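In the order they appear, the protein sequences are chains A and B.
Under the numbering used here, the first residue of the first sequence carries the number 319, and numbering increases by one thereafter.
Under the numbering used here, the first residue of the second sequence carries the number 3, and numbering increases by one thereafter.
Incorrect hints may appear among the rest.
As the list claims (entries may be wrong) - Lysine to any residue pairs mimicking SDA-like chemistry, simulated, CA-CA at most 25 Å apart: (1) 333/A with 320/B; (2) 499/A with 484/A; (3) 482/A with 336/A; (4) 333/A with 308/B; (5) 416/A with 3/B; (6) 416/A with 337/B; (7) 519/A with 552/A; (8) 333/A with 3/B; (9) 272/B with 245/B; (10) 536/A with 484/A; (11) 416/A with 382/B.
Claimed, not checked - Not the full set, but computed from the structure, chain B residues with beta-carbon under 10 Å of chain A: (12) 222; (13) 229; (14) 310; (15) 312; (16) 313; (17) 315; (18) 317; (19) 319; (20) 320; (21) 337; (22) 377; (23) 385; (24) 386; (25) 387.
To be clear, the hints were calculated from the coordinates, so they are not data collected in a lab.
Quick caveat, the model's predicted, so the values are computed rather than measured.
C-beta: ideal position from N, C-alpha, C; glycine also.
Each chain, written out:
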Amino acid sequence: MSGGVDSAVAAARAKDAGHDVTGVHLALARNPQTYRTGARGCCTLEDSRDARRAADVIGIPFYVWDMADEFHASVVDDFVDEYAAGRTPNPCLRCNEKIKFAAVLDRAVALGFDAVVTGHHARLGADGLLRRSVDLAKDQSYVLAVLTRAQLDRAAFPLGDSTKEQVRLEAADRGLAVADKPDSHDICFIADGDTRGFLEKRLGSAPGDIVDGRSGEKLGTHNGAYGYTIGQRKGLNLRVPAADGRPRYVLSITPVTNTVTVGPREDLEVDTVTAERPIWHETADRVDCEVQLRAHGEVVPASVTVTPSGLTATLATPARGVAAGQAIVAYRPDPAGDVVLGSATITAGTRESANV
Amino acid sequence: MAYLDHAATTPMLSAALDAYTAAAREIGNPSSLHAAGRAARRMVEESRERIAAVIGARPSEVIFTGGGTEADNLATKGIFWARRDADPKRLRMVASAVEHHAVLDAVDWLGRHEGAEVAYLPVDAAGRVDPEVFAELVRAHGDEIALVTVQWANNEVGTVHPVPELAAVAAAAGVPFHTDAVQAVGQVPVDFAASGVAALTLTGHKLGGPVGTGALVLGRDVACTPLLHGGGQERDVRSGTLDTAGVVAFAVAVETTVQARLEYAGRVAKLRDELVRRVLAAVPEAIYNGDPEHRLPGNAHFSFPGCEGDALLLLLDAQGIYCSTGSACSAGVAQPSHVLLAMGADDARARSSLRFSLGHDSTEADLDVLLATLPAVVERARRAGAWKTPR
Ligand SMILES: Cc1ncc(COP(=O)(O)O)c(C=O)c1O
């Protein structure tokens, strides 16, 4: 229970469904002092209090579990390491994979609980299939697609059949004070939202070149390649304007040479995506389906081939802004909610018919 | 249900509760000059006298506060300020390493904000301050010490310190000595005058009185700068309208528990010994922490190797058994106990500990409830303890 409205309603629904529910709030900041001052994007003292009050109102026991060390090792350090390696991590996905449905689940099961219930917006019904939420704008199946079969078997997402609006109304009906608490959007461990500043503090400044992808010409310098993401346009501060006067985008980041490569929008387009560490729920290892390449990103039709060590997607229409480190999630369209077939971590996006 | 957390707070005695409700029906501010005020004042002063009588103090030495935390803060900060102002050389604060946070954090604050030089007295494996180490410190730095503070008894492991012996060393050097006797009053013999301490903290809710009532017993000639400024109600050291009903109930509780102490301590210590015997028989690898001899009668404190204290607490809680990991929480997160660490325990052992504390309404039946589930709970928590291994 994060202290937000979703987990509160999820807990209440689980209890109504007849389960013996215990509320758990995760303390994730490493230095306990940080709790006292509560200077955090989430899991502040206030969030912990809100979660406790929600548990009181629902009528369930409540505890705070200290997962700070695990969170730091598996999520925060991983976040920094991934950027340092020129990839773009998704910390929420990693937190689901390593904390909520690993460290927390393991401990819970050992203590005699059967499952972990969360307030994620996704559907997981009796058929065991993970599907998008009915609220497509709030759907979180993308950050849950990393869960294995075993993890899904011990997960419950009671909110998948409701819109966020309905969840808020229900919270108000239930007398939960968090009903109108604003959603948290930022990365929880970067309280001020300044990701570049956060990375700079950890990785130091590492000046390098910004080069043109087509000509190889040096267009400017940067203070650290980790400050850039694929598809980024703003904040490049290039000294040399493009010959055609059109805006340029970050095409790739090469940690070995500490180079940020930029180019016109069309050079961002890729039609083949390769990925590693697949989690695959389908029996077929070659399927025509839809893929999503980043959180809240567009969905494109693709043909996906899976091997034990990797996944390749051939996109029917090119996609832009495909970044290594993000997840590729495969969905099968379904009127009862698109079904997650599996996911993998993107290693590269390429263009078969490179238009040089 | 088994309530085994009396050291956190113990139920109000019915005599105290009755006295409270009776007094709370009356009108009158004890500082008012009319008859209603005088009646309230009389109740307060009679309460002061009752407490003084059983605690070995003069009535004027009893300063009512809003509980133990306030009294600890008043003693540590107030006496430090007064002593430092009288002689700027006196900047040293000496505290045992196992103080309650009400003392520890106040002393720490003085170090960080008021230029105090804080020295912590080490404890032995049983959690007891060594008088020799203390005497050495006083010999070396006596004229620089503003205040010494050593608790009478520890709230986690129940160890009773040799306070009169320590206080005598301090007195010989002209150094004031404060003791937090919150856990001790009503449990072990505590006599303010005979102990030779300059200041002593007690609180209502650990001995059958209401929460939010307490006192600092402050020697008549001990200078203390106020924390709370205002009407100067309590000897000009503490301001704020006196809580007549609270004070009355507090006094009833102090008087009753101190007068019943001998019988109580005998009975509860026997029950505690029985609890310890049964726990060690049921969970042979459990470690009984603390001092077997110099110990509060109601305290039983164990480490359960391989278990997380908060996992044990959760599982016992689910069975209606209430105990404590004994350590301070920040935002509900159990920190490894500074008391256990000071006693030389490693982090794992400190985190694996659990405190059972008995009180005036504890019975054999509470032990039966605990022992009926404890072995299975420990077994389960031990298996859950493996979750921390890296994946
Ligand atoms: C040793 C000790 N000192 C001080 C306190 C604080 O007293 P109070 O709760 O009245 O503020 C406690 C109890 O929590 C205690 O055990």
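For each hint, the structure was consulted:
With a CA separation close to 16 Å, the supplied pair residue 333/A and residue 320/B stays within the 25 Å bound. With a C-alpha separation of about 14 Å, the suggested pair residue 499/A and residue 484/A falls inside the 25 Å cut-off, and the hint holds. A threshold of 25 Å between alpha carbons decides the hint, and for residue 482/A with residue 336/A the separation of about 23 Å falls inside it, so the pair holds. Only pairs whose Cα atoms come within 25 Å are accepted, and residue 333/A paired with residue 308/B is rejected, the gap being roughly 32 Å.
For a cut-off of 25 Å, the pair hint linking residue 416/A to residue 3/B is broken: about 37 Å separates their Cα positions. With a C-alpha separation of about 23 Å, the suggested pairing of residue 416/A with residue 337/B holds against the 25 Å cut-off. For the hint linking residue 519/A to residue 552/A, the alpha-carbon distance of about 22 Å falls within 25 Å, and the restraint holds. Between residue 333/A and residue 3/B the alpha-carbon distance is near 23 Å, which keeps this suggested pair within the 25 Å criterion.
With a CA separation close to 37 Å, the supplied pair residue 272/B and residue 245/B exceeds the 25 Å bound. About 53 Å separates the Cα atoms of residue 536/A and residue 484/A, which puts this hinted pair outside 25 Å; it is violated. Restraint check for residue 416/A and residue 382/B: satisfied, since their Cα atoms lie roughly 23 Å apart, inside the 25 Å limit. Restraint check, residue 222/B versus chain A: the minimum CB separation of about 38 Å is more than 10 Å; hint violated.
Proximity of residue 229/B to chain A is violated relative to the hint, the smallest CB-CB distance being about 21 Å (cut-off 10 Å). Given the 10 Å rule on beta carbons, the hint for residue 310/B holds: about 9 Å separates it from the nearest Cβ of chain A. A hinted interface residue such as residue 312/B counts as satisfied when its beta carbon comes closer than 10 Å to some beta carbon of chain A; here the least separation is about 7 Å, so the hint holds. The closest approach between the C-beta of residue 313/B and any C-beta of chain A is roughly 6 Å, which is under the 10 Å cut-off, so the hint is satisfied.
Contact between residue 315/B and chain A, as hinted, is supported at the beta carbon level, the nearest pair being about 8 Å apart and thus within 10 Å. Contact between residue 317/B and chain A, as hinted, is supported at the beta carbon level, the nearest pair being about 7 Å apart and thus within 10 Å. The interface hint given for residue 319/B holds, since its Cβ lies 6 Å from the closest Cβ of chain A, which is under the 10 Å cut-off. Look at residue 320/B: its Cβ gets to within about 7 Å of chain A, closer than 10 Å, so that hint holds up.
Evaluation of the residue 337/B hint against chain A yields a held restraint, the C-beta minimum of about 6 Å falling below 10 Å. The restraint placing residue 377/B at the interface with chain A is violated, with a minimum CB-CB distance near 15 Å, outside the 10 Å limit. At about 5 Å, the closest approach between the beta carbon of residue 385/B and any beta carbon in chain A falls short of 10 Å, and the interface hint on this residue holds. For the restraint placing residue 386/B at the interface with chain A, the shortest Cβ-Cβ distance is roughly 3 Å, inside the 10 Å limit, so the hint holds.
A least Cβ separation of about 8 Å between residue 387/B and chain A falls short of the 10 Å threshold, and the interface hint therefore holds.
Hints 4, 5, 9, 10, 12, 13, 22 from the earlier list are contradicted by this structure; the remaining hints agree with it.
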